[in-house]
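Engineer: The residues making up each chain are set out below.
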Amino acid sequence: DAGVIQSPRHEVTEMGQEVTLRCKPISGHDYLFWYRQTMMRGLELLIYFNNNVPIDDSGMPEDRFSAKMPNASFSTLKIQPSEPRDSAVYFCASSLWDLDYTFGSGTRLTVV
Amino acid sequence: QQQVKQSPQSLIVQKGGISIINCAYENTAFDYFPWYQQFPGKGPALLIAIRPDVSEKKEGRFTISFNKSAKQFSLHIMDSQPGDSATYFCAASGSYAGDYKLSFGAGTTVTVRA
Numbered sequence: 282d283a284g285v286i287q288s289p290r291h292e293v294t295e296m297g298q299e300v301t302l303r304c305k306p307i308s309g310h311d312y313l314f315w316y317r318q319t320m321m322r323g324l325e326l327l328i329y330f331n332n333n334v335p336i337d338d339s340g341m342p343e344d345r346f347s348a349k350m351p352n353a354s355f356s357t358l359k360i361q362p363s364e365p366r367d368s369a370v371y372f373c374a375s376s377l378w379d380l381d382y383t384f385g386s387g388t389r390l391t392v393v
Numbered sequence: 692q693q694q695v696k697q698s699p700q701s702l703i704v705q706k707g708g709i710s711i712i713n714c715a716y717e718n719t720a721f722d723y724f725p726w727y728q729q730f731p732g733k734g735p736a737l738l739i740a741i742r743p744d745v746s747e748k749k750e751g752r753f754t755i756s757f758n759k760s761a762k763q764f765s766l767h768i769m770d771s772q773p774g775d776s777a778t779y780f781c782a783a784s785g786s787y788a789g790d791y792k793l794s795f796g797a798g799t800t801v802t803v804r805a
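Here the protein sequences come in this chain order: A and B.
In this text, residue positions in the first sequence follow my numbering: the first is 282, and each later residue adds one.
In this text, residue positions in the second sequence follow my numbering: the first is 692, and each later residue adds one.
The set of hints was computed from the structure by calculation and includes no laboratory data.
Fair warning: this is a prediction, and the values are worked out from it, not measured in the lab.
Mixed in with the good hints, there may be bad ones.
[What the hints assert, rightly or not] Straight-line Cα separation of at most 25 Å, DSS-like style, residue types lysine-lysine; simulated pairs:
id, chain 1, residue 1, chain 2, residue 2
1, B, LYS748, A, LYS349
2, A, LYS359, B, LYS762
3, B, LYS762, B, LYS748
[Said to hold, decoys possible] Residues of chain A clear of chain B, computed beta-carbon distances all greater than 12 Å:
id, residue
4, PRO289
5, GLU295
6, THR301
7, GLY309
8, GLY323
9, SER339
10, GLU343
11, PHE355
12, GLN361
13, ARG366
14, ALA374
15, ASP381
16, THR383
All residues carry an ideal CB built from backbone N, CA and C; glycine is no exception.
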């Protein structure tokens, strides 16, 4: 398996623009997690899905953030409109029930 | 508010030495405690994990020690090597209580000097 695949690896956008981050989990994993990593706040859970259903979105910072998982092999995290404080590395991870997360390589988002 | 407190923030160790990273938690529902290793530009990768039914788990040069009564756990890296230079995160979750999300500590940057 190629592991968890995230795209793009880097994204630079202007404030106010819409940003869409993409994730392909490991085949057969039924949990998918979106985390954000910053120097100030470390690794923060934004939202997680089980069998494509959102279970806990309490970490989503505000209504500008939304996440979807239309099928077992694809998820998106959208920010609209983006702000400079959204600049961070966004990670997607997937796992089975055993919680052994496999993380993707992340998307480094810069909002100018 | 971080549910898992990790220390130190960084440490430097000589090649062959022992690195020790400590974590503490308050939530007694936590029942799964993994450690992740992260290299620059990469995502965190699972290193070793423990459940509270054992007090110690060893895999190669990496050992987790777990103290349930104190609500603390630690990672020991024996015979540290330059390739171990990375950021290490402890984490916790309460999977038996239906909580499948990991709460991460703030991370410890380990530098191994040759």
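Engineer: Each hint needs a verdict: does it hold in this structure or not?
Structural biologist: Structure-based check of all given hints:
no., hint, verdict
1, B:LYS748 / A:LYS349, "violated (38 Å)"
2, A:LYS359 / B:LYS762, "violated (37 Å)"
3, B:LYS762 / B:LYS748, "holds (16 Å)"
4, PRO289, "holds (14 Å)"
5, GLU295, "holds (24 Å)"
6, THR301, "holds (19 Å)"
7, GLY309, "holds (16 Å)"
8, GLY323, "violated (5 Å)"
9, SER339, "violated (9 Å)"
10, GLU343, "holds (18 Å)"
11, PHE355, "holds (18 Å)"
12, GLN361, "holds (24 Å)"
13, ARG366, "holds (19 Å)"
14, ALA374, "violated (7 Å)"
15, ASP381, "violated (5 Å)"
16, THR383, "violated (8 Å)"
Of the numbered hints listed earlier, those contradicted by the structure are 1, 2, 8, 9, 14, 15 and 16.
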